[in-house]
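Chains H and D, in that order, are what the protein sequence lines are. Numbering-wise, our numbering puts 77 at position 77 of the first sequence, and it's gapless, one number per residue. So the mapping is simple: our numbering equals the position in the second sequence, first residue as 1, plus 112.
Rather than coming from a laboratory, the hints here were simulated on the basis of the structure. A few of these clues could be false.
Claimed, not checked - Residues from chain H that face chain D, not an exhaustive set, calculated with beta carbons under 8 Å: (1) Gly-29; (2) Ser-32; (3) Tyr-39; (4) Glu-42; (5) Gly-43; (6) Leu-44; (7) Lys-49; (8) Thr-51; (9) Lys-99; (10) Val-100; (11) Phe-102; (12) Thr-104.
Note that CB positions come from ideal geometry on N, CA and C, so glycine has one too.
Listed below, chain by chain, are the residues.
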Amino acid sequence: GDSVTQMEGPVTLSEEAFLTINCTYTATGYPSLFWYVQYPGEGLQLLLKATKADDKGSNKGFEATYRKETTSFHLEKGSVQVSDSAVYFCALSSGGYQKVTFGTGTKLQVIP
Amino acid sequence: DAGVIQSPRHEVTEMGQEVTLRCKPISGHDYLFWYRQTMMRGLELLIYFNNNVPIDDSGMPEDRFSAKMPNASFSTLKIQPSEPRDSAVYFCASRRREDYGYTFGSGTRLTVV
Numbered sequence: 001g002d003s004v005t006q007m008e009g010p011v012t013l014s015e016e017a018f019l020t021i022n023c024t025y026t027a028t029g030y031p032s033l034f035w036y037v038q039y040p041g042e043g044l045q046l047l048l049k050a051t052k053a054d055d056k057g058s059n060k061g062f063e064a065t066y067r068k069e070t071t072s073f074h075l076e077k078g079s080v081q082v083s084d085s086a087v088y089f090c091a092l093s094s095g096g097y098q099k100v101t102f103g104t105g106t107k108l109q110v111i112p
Numbered sequence: 113d114a115g116v117i118q119s120p121r122h123e124v125t126e127m128g129q130e131v132t133l134r135c136k137p138i139s140g141h142d143y144l145f146w147y148r149q150t151m152m153r154g155l156e157l158l159i160y161f162n163n164n165v166p167i168d169d170s171g172m173p174e175d176r177f178s179a180k181m182p183n184a185s186f187s188t189l190k191i192q193p194s195e196p197r198d199s200a201v202y203f204c205a206s207r208r209r210e211d212y213g214y215t216f217g218s219g220t221r222l223t224v225v
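The whole structure should be built from the sequences, with the hints applied where relevant.
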């Protein structure tokens with residue numbers, strides 16, 4: 001079945017540091033890939049998406065590139081801010097189904 | 113657009129009691145999903161609806177859980193009787209057929225004591 005593996009947290013960075021959160025997936029066919037962000041006490045919000053190989057999703061300074069050859073969708077940001085502190089979830093949907101499979105989440109803490 | 117609205121935000125109940133969680137999806141969204149989030153198991157899909165019809169309830173833990181969607185603007189998730197292991201944050205999400213991503217509600221934090 002479909003699965004998503006992402007790096008365990010928490011990840012602690014200083015403000016303005018470079019961020020990478022690794023994500024790899026297993027799926028049948030050609031899934032769509034997503035990053036969601038969850039701020040404390042809130043629901044998940046779609047951060048960015050990519051629907052085919054080599055697509056780059058981007059939003060709010062975050063980027064992720066759909067790498068079919070390595071089945072990866074790593075999240076990056078060049079300079080993190082304290083306000084980026086949250087839990088980040090990698091996710092996929094595949095096979096025409098409406099279900100989305102989520103990773104376990106990576107908590108990011110950015111300190112001033 | 114008010115987003116996906118869930119109520120209550122917090123619920124504390126005693127073991128054995130019935131609990132009903134409510135969700136109002138975004139108008140025009142075709143799909144509605146119920147998820148449960150715990151530290152141990154992460155996000156689990158419980159059930160989802162398409163045009164008010166339950167499509168896949170394979171994630172519902174057991175017969176104590178039931179979900180309904182009587183119309184396009186309202187859904188309930190009921191637990192009867194509740195148990196301490198049901199303590200979790202329950203999220204409702206909705207989407208349109210042509211969209212890729214979900215819109216999540218703010219969740220209901222359920223504590224069963």
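Hints, one by one, checked against the model:
1. Contact between Gly-29/H and chain D, as hinted, is not supported at the beta carbon level, the nearest pair being about 15 Å apart and thus beyond 8 Å.
2. A cut of 8 Å between beta carbons decides the hint on Ser-32/H: the least distance to chain D is about 6 Å, and the hint holds.
3. Given the 8 Å rule on beta carbons, the hint for Tyr-39/H is violated: about 10 Å separates it from the nearest Cβ of chain D.
4. Taking 8 Å as the C-beta contact cut-off toward chain D, the hint placing Glu-42/H at the interface holds, the least distance being around 6 Å.
5. With a least beta-carbon distance of about 3 Å to chain D, the hint placing Gly-43/H at the interface is held under the 8 Å criterion.
6. For the restraint placing Leu-44/H at the interface with chain D, the shortest Cβ-Cβ distance is roughly 5 Å, inside the 8 Å limit, so the hint holds.
7. The criterion of a C-beta within 8 Å of any C-beta in chain D is met by Lys-49/H, whose closest approach is roughly 5 Å, and the hint holds.
8. Interface hint at Thr-51/H: satisfied, since its Cβ lies 7 Å from the closest Cβ of chain D, which is below the 8 Å cut-off.
9. Against a cut-off of 8 Å between C-beta atoms, the interface hint on Lys-99/H holds, since the closest Cβ of chain D lies about 6 Å away.
10. Because the beta carbon of Val-100/H sits about 7 Å from the nearest beta carbon in chain D, less than 8 Å, this interface hint is met.
11. Taking 8 Å as the C-beta contact cut-off toward chain D, the hint placing Phe-102/H at the interface holds, the least distance being around 4 Å.
12. The restraint placing Thr-104/H at the interface with chain D holds, with a minimum CB-CB distance near 5 Å, inside the 8 Å limit.
Hint compliance for this structure: hints 1, 3 are broken, all remaining hints hold.
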